[in-house]
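J.: Here the structure of chain A is known, so what remains is to put chain B in place on it, guided by the hints.
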Amino acid sequence: MATELLGFEIGATSAWLVWVLPFVAALIIPGIAKLSKFLPDNLSKHATGYIAVGFALMSTLSAASMIPIALEAGEIHHQIPWIESLGLNGGVLADPLSIIMANVVGWISFLIMIYSTGYMKGDKDITRFWFWMMFFIGSMQLIVMSDNLLQVFFGWEGVGLASYALISFWYRDKKKDHVGVEGRTVLGVLDYYSPTHAGMKAFIMTKVGDVMMIAGMLLIFVYAGTFGFKELLGDTEWAVTMASQGLLVPAFVLLFGGAMGKSAQFPLNEWLLEAMTGPTAVSALIHAATMVKAGVFLVARLGPLVFALGAAGILADQFFEIIAWVGAITALLLATQAMVNPEIKKVLAYSTGSQIGYMMMALGVAGLSYQYVDGYTAGFFHLISHAMFKASLFMAAGAILHTVGSRFMTDMGGLRKKMKKTYAFMWAAGLGLMGAPFITTGFWSKDAIFAAVYESGNEWAMPLFAIAVFTAAITAFYTMRMMGLVFFGNKSKHIQKMEEEGHHIHEAPLSMWIPYGILAVLTIGIGLVGLSAEEGLHHTFVDFLENSYGIHTEHIAIESSILPEFLQGLNPIALGSSLVAFAIGAGLGYIFYIGRWVDPVKVVNSNILFYSIHKLLLNRWYLNAMVYWCFVIAPLWLSRGVFRYFERTAIDYGMNDGFQKAIGWSAKVVQGTQTGVSQSYLFVFGAGLLFVVLILLI
Amino acid sequence: MLEITSTPLVIMAILGTVGVLLPIISIVRKEKGSNSFYAVIAFAALIVSIGYVGYQFLNENVAPAALFSEDVIVDDAFGGLFAIAMLIVALFTTVGSFNYMRKHNSPAVYYSLILLATIGMVLVAYSTDLVMLFVAWELMSIPTYVLVGFIKKNPSSNEAALKYFLFGALSSAIIIYGISLAYGLTGSTNIGEVIQGYSTLDPSLLPLALLSVGMFIAGFGFKMGLVPFHQWLPDTYEGAPAPITALLAAATKKAGFAATIRIIVLGMVVLHLDWTLALGVIAVMTMTIGNIAAIMQKNLTRMLAYSSIAHAGYILIGLAVAPHSSLGLQGSLYHILNHAVMKGMAFIAIAGIVTTLAVTHIDKLQGLGRRMPITALALVISLFALAGVPPLAGFWSKLMLFGSALDAGSTLWWAPWLAIAGVLNSALSLAYYGWITRKMYFEGETQKRVKEPKAIIAVMITSMIFLIGFGIYPEPIMQFVEFATPVISSDLMP
Numbered sequence: 000m001a002t003e004l005l006g007f008e009i010g011a012t013s014a015w016l017v018w019v020l021p022f023v024a025a026l027i028i029p030g031i032a033k034l035s036k037f038l039p040d041n042l043s044k045h046a047t048g049y050i051a052v053g054f055a056l057m058s059t060l061s062a063a064s065m066i067p068i069a070l071e072a073g074e075i076h077h078q079i080p081w082i083e084s085l086g087l088n089g090g091v092l093a094d095p096l097s098i099i100m101a102n103v104v105g106w107i108s109f110l111i112m113i114y115s116t117g118y119m120k121g122d123k124d125i126t127r128f129w130f131w132m133m134f135f136i137g138s139m140q141l142i143v144m145s146d147n148l149l150q151v152f153f154g155w156e157g158v159g160l161a162s163y164a165l166i167s168f169w170y171r172d173k174k175k176d177h178v179g180v181e182g183r184t185v186l187g188v189l190d191y192y193s194p195t196h197a198g199m200k201a202f203i204m205t206k207v208g209d210v211m212m213i214a215g216m217l218l219i220f221v222y223a224g225t226f227g228f229k230e231l232l233g234d235t236e237w238a239v240t241m242a243s244q245g246l247l248v249p250a251f252v253l254l255f256g257g258a259m260g261k262s263a264q265f266p267l268n269e270w271l272l273e274a275m276t277g278p279t280a281v282s283a284l285i286h287a288a289t290m291v292k293a294g295v296f297l298v299a300r301l302g303p304l305v306f307a308l309g310a311a312g313i314l315a316d317q318f319f320e321i322i323a324w325v326g327a328i329t330a331l332l333l334a335t336q337a338m339v340n341p342e343i344k345k346v347l348a349y350s351t352g353s354q355i356g357y358m359m360m361a362l363g364v365a366g367l368s369y370q371y372v373d374g375y376t377a378g379f380f381h382l383i384s385h386a387m388f389k390a391s392l393f394m395a396a397g398a399i400l401h402t403v404g405s406r407f408m409t410d411m412g413g414l415r416k417k418m419k420k421t422y423a424f425m426w427a428a429g430l431g432l433m434g435a436p437f438i439t440t441g442f443w444s445k446d447a448i449f450a451a452v453y454e455s456g457n458e459w460a461m462p463l464f465a466i467a468v469f470t471a472a473i474t475a476f477y478t479m480r481m482m483g484l485v486f487f488g489n490k491s492k493h494i495q496k497m498e499e500e501g502h503h504i505h506e507a508p509l510s511m512w513i514p515y516g517i518l519a520v521l522t523i524g525i526g527l528v529g530l531s532a533e534e535g536l537h538h539t540f541v542d543f544l545e546n547s548y549g550i551h552t553e554h555i556a557i558e559s560s561i562l563p564e565f566l567q568g569l570n571p572i573a574l575g576s577s578l579v580a581f582a583i584g585a586g587l588g589y590i591f592y593i594g595r596w597v598d599p600v601k602v603v604n605s606n607i608l609f610y611s612i613h614k615l616l617l618n619r620w621y622l623n624a625m626v627y628w629c630f631v632i633a634p635l636w637l638s639r640g641v642f643r644y645f646e647r648t649a650i651d652y653g654m655n656d657g658f659q660k661a662i663g664w665s666a667k668v669v670q671g672t673q674t675g676v677s678q679s680y681l682f683v684f685g686a687g688l689l690f691v692v693l694i695l696l697i
Numbered sequence: 000m001l002e003i004t005s006t007p008l009v010i011m012a013i014l015g016t017v018g019v020l021l022p023i024i025s026i027v028r029k030e031k032g033s034n035s036f037y038a039v040i041a042f043a044a045l046i047v048s049i050g051y052v053g054y055q056f057l058n059e060n061v062a063p064a065a066l067f068s069e070d071v072i073v074d075d076a077f078g079g080l081f082a083i084a085m086l087i088v089a090l091f092t093t094v095g096s097f098n099y100m101r102k103h104n105s106p107a108v109y110y111s112l113i114l115l116a117t118i119g120m121v122l123v124a125y126s127t128d129l130v131m132l133f134v135a136w137e138l139m140s141i142p143t144y145v146l147v148g149f150i151k152k153n154p155s156s157n158e159a160a161l162k163y164f165l166f167g168a169l170s171s172a173i174i175i176y177g178i179s180l181a182y183g184l185t186g187s188t189n190i191g192e193v194i195q196g197y198s199t200l201d202p203s204l205l206p207l208a209l210l211s212v213g214m215f216i217a218g219f220g221f222k223m224g225l226v227p228f229h230q231w232l233p234d235t236y237e238g239a240p241a242p243i244t245a246l247l248a249a250a251t252k253k254a255g256f257a258a259t260i261r262i263i264v265l266g267m268v269v270l271h272l273d274w275t276l277a278l279g280v281i282a283v284m285t286m287t288i289g290n291i292a293a294i295m296q297k298n299l300t301r302m303l304a305y306s307s308i309a310h311a312g313y314i315l316i317g318l319a320v321a322p323h324s325s326l327g328l329q330g331s332l333y334h335i336l337n338h339a340v341m342k343g344m345a346f347i348a349i350a351g352i353v354t355t356l357a358v359t360h361i362d363k364l365q366g367l368g369r370r371m372p373i374t375a376l377a378l379v380i381s382l383f384a385l386a387g388v389p390p391l392a393g394f395w396s397k398l399m400l401f402g403s404a405l406d407a408g409s410t411l412w413w414a415p416w417l418a419i420a421g422v423l424n425s426a427l428s429l430a431y432y433g434w435i436t437r438k439m440y441f442e443g444e445t446q447k448r449v450k451e452p453k454a455i456i457a458v459m460i461t462s463m464i465f466l467i468g469f470g471i472y473p474e475p476i477m478q479f480v481e482f483a484t485p486v487i488s489s490d491l492m493p
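Going line by line, the protein sequences match chains A and B.
Residues in the first sequence are numbered from 0 upward in steps of one, following numbering that gives the first Met the number 0.
Residues in the second sequence are numbered from 0 upward in steps of one, following numbering that gives the first Met the number 0.
One chain only, chain A, in its complex shape:
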């Protein structure tokens, strides 16, 4: 790259622009909003939106301009001095990982921004919305492009802040903006959340992870003296020292703690459900497609480093084991709850956490395998495919909410004739989530994960594999349930009432259905050539890991198997399990919710076992209630107790009053000696002289 711009190489400039441009937009949007008063009417309403969409596009084009570098597994690393007294540099690192991620984030953000112009139309706080959306995109791209942990942390906190601000966007806490069923309690904890409460909950819960992350970062910095990814890899003396003191694995696990918080992994998963109080565009962008992937990205960033250290003899396998198990538990836990929840956005939220669990599992298993690249590619491929279909599903769900005016699926039903486009696109994206065989990206990426887990040859391979397959069946089931409840059956009472009142159930406007339409089509389109897409990604990552981390991948000659020609190279057992899981899950879902041959309510009430399971799932495994009891209610009790029995007594009466009295009393004593009579003064003077001489003589 000989050409230079502003003293930077072109590639480096693009890498900087990717995250700087959205911040610039965020900065100017409030100003534009003020100035737009002077514009003609039709323009002034949309000025901020145009700016936001325009900058999102420019940022994304910058990311796209780097794709050639990714394809040839190249790398741009550009640094500028930042905090010179500490020897810290700011920088961008554009390698295949960050470039692909930046494109996923960029393009999906761009589509969601277009969707938002329709979805948020007429909201009077629209300027605030655009500001935070651009702030979010900038922060996210900062995480992606950073070449060091400290800079990542700045972006990390930036997305956290934007997430908080956008979850609580409708801060007036109107009833329709809540999530949960009004009045419903679990173990005495209200399962009904206002936007402001939800924002706070998300902020505090993710902060738990952030604190762990900064602790891990600083721990590594103390030993390595750098935050830079390249620098950490360059001289591994620090890792040897840390490993000898038993601190290496704890430091990495602390970093993973940050990822757990941000990606809503067990046990820091409960915030994601309430995060659905934000506008649906926000749910799609932040809580499905991008921000929650930040944790996955961080693991993808650190994983090769840890694996390379392991190859050099500094083992940290526990790190990968923890990731794999946390991922597996989250995948199962959240998928089960998605089966029973009545709210469409919450079903999708559960599904998001669950799918991210898959990605974590793949990235964890990768580090435990002989061929690191297999699990790595699988996890990342699933990230891409999930970003597409989940963003599409969320946006489509938003369109339905928009029309129906209720978040409950029981208030929908029979919509397939009214919203034909949405119906079709949602099927396409939903099939991706279910992993419909051979035609969807979701199928290929999930199959790759199954294969990676199965072939890892690790002691945990079988239990993890079983969980993965079981979860896949559940996923297919709840997706079918969602589709059935929303689009099939009869119109709900709510819709009938709406129609009686003269409301018309209509298709979403153009600016809304185009974005989720594109993503839905892509889900199927890329799915059709999914195997070659995966192989391309695999190939890129093989080179990337080889060039950047020195992780060598051996080419194994493909043994011919019983599979037909076009599936050669796949693991037959993984493939078979995947197909079976899909068939069972989708089949049951069809029977209950689309065909409606059996009434699910009757089944649940038919025996005590089903009933208990249903209740357990609906009550979120009682995890949320426990979190509240342990970390909110109990500390509040403690605090009140301390206030009443310690603060009010020991501190107020004992210390404050006692101290005051003691001082007053001593002051009286001192004043008592101040008689005003010279003779007594002279006596004290003389005694003092004697005292001083005595001290000196002793």
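For the record, the hints were derived by calculation from the structure and aren't laboratory data.
Okay, derived cross-link-like pairs now, DSS-like style, lysine-lysine, Cα gap no bigger than 27 Å in a straight line:
(1) A:Lys420 with A:Lys175
(2) A:Lys660 with B:Lys438
(3) B:Lys297 with A:Lys667
(4) B:Lys363 with A:Lys667
(5) B:Lys438 with A:Lys667
(6) B:Lys363 with A:Lys660
T.: Chain B only, in chain A's frame:
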């Protein structure tokens, strides 16, 4: 031999001439009323003196912090620092008296006495001979006895003067006793030679040497207001004319410290005894009793009188740890300089309040923030500076003092406790400083603004600039203090 242009001699010449001439002029002019004429002359004399000290420093004619000389006085930076502090306070007093003396007779004598007392203080700081020091001490003390009792018809002023004189006379006697012991033991009155003589003293005579040191502590401790030699102080400060209180609290006190550092601290280093404990104990007693007594006072002057006792305690921390930490004396000198401005300013503010509203009771201060906004603001700033609230100048000197105590902790196990006592006492002092602030700003009904004396406003603004300016940018003062601080080590001995 000292040159004729050396600082102490020139100051003596200027202030002495003006001081003697003022009463003569008033006799010649045969009128008693207008005080502005005399005030301006005294003011000019003081300004010229300060200018000369500064000039000598800038031209590097001043020896850096030498402490000994064969002469009776020496032109060193140590004395220079004290001279500046005292001259500034004398200047504040002169300006602050301007309105006060309108209501009283014989202004010429009044200003003349201030100038003569100032000569005494300055010479104490420059003295290197015990007899010279004693003469200067008396030159400082006697005019102040008269000044305290200046308002003849006022009984409390008379009582104050009498008590002050009684204890002054006693302490002078004690100092003379100490000097005679020192002379008897070493055959010299030159401080350098006395200390050298102490260092080679026959061990059987040590108790006598210590007795002389004890006498000095008590004698100078009277002026410094150390507990238990402090009891005259609140009575005297309360009864004295308000501007004179400023002179006593901010300037004559410092003369005591100058003498103490020259004689006791250095003398005791030579005696190689665990004498620091004595100063440490006195420091803690002084600051604690000063603050505790201050907290219940209803009279503003009396409250600040106790506060100045407490501050003597803080300054004494630096002296107590001086042999163990190089920061000790530096902190003391720094705080002496700051305290001169802070306390001088506070008492002049009170003088302003007394002259305009004739109140000193704290309850009567309600609403002062509106009635006399500039004076009230200046008073608050000086009080906060006294408490050591950053970023005011007092913060840095307290930091250095307490830091020196911590620094000395490696060789002196109890030294950190001095810092702890100091910090706790500073917190305690905020209680009554804050109380005054509350009275002035948050209580009382809105009252009309009254006219504030212009001369006092000038003092207030100057010192506010000093406290805030050198609080934010303390570097120049710190360098000056470092230059003026003698390094205590054996090779400093003559």
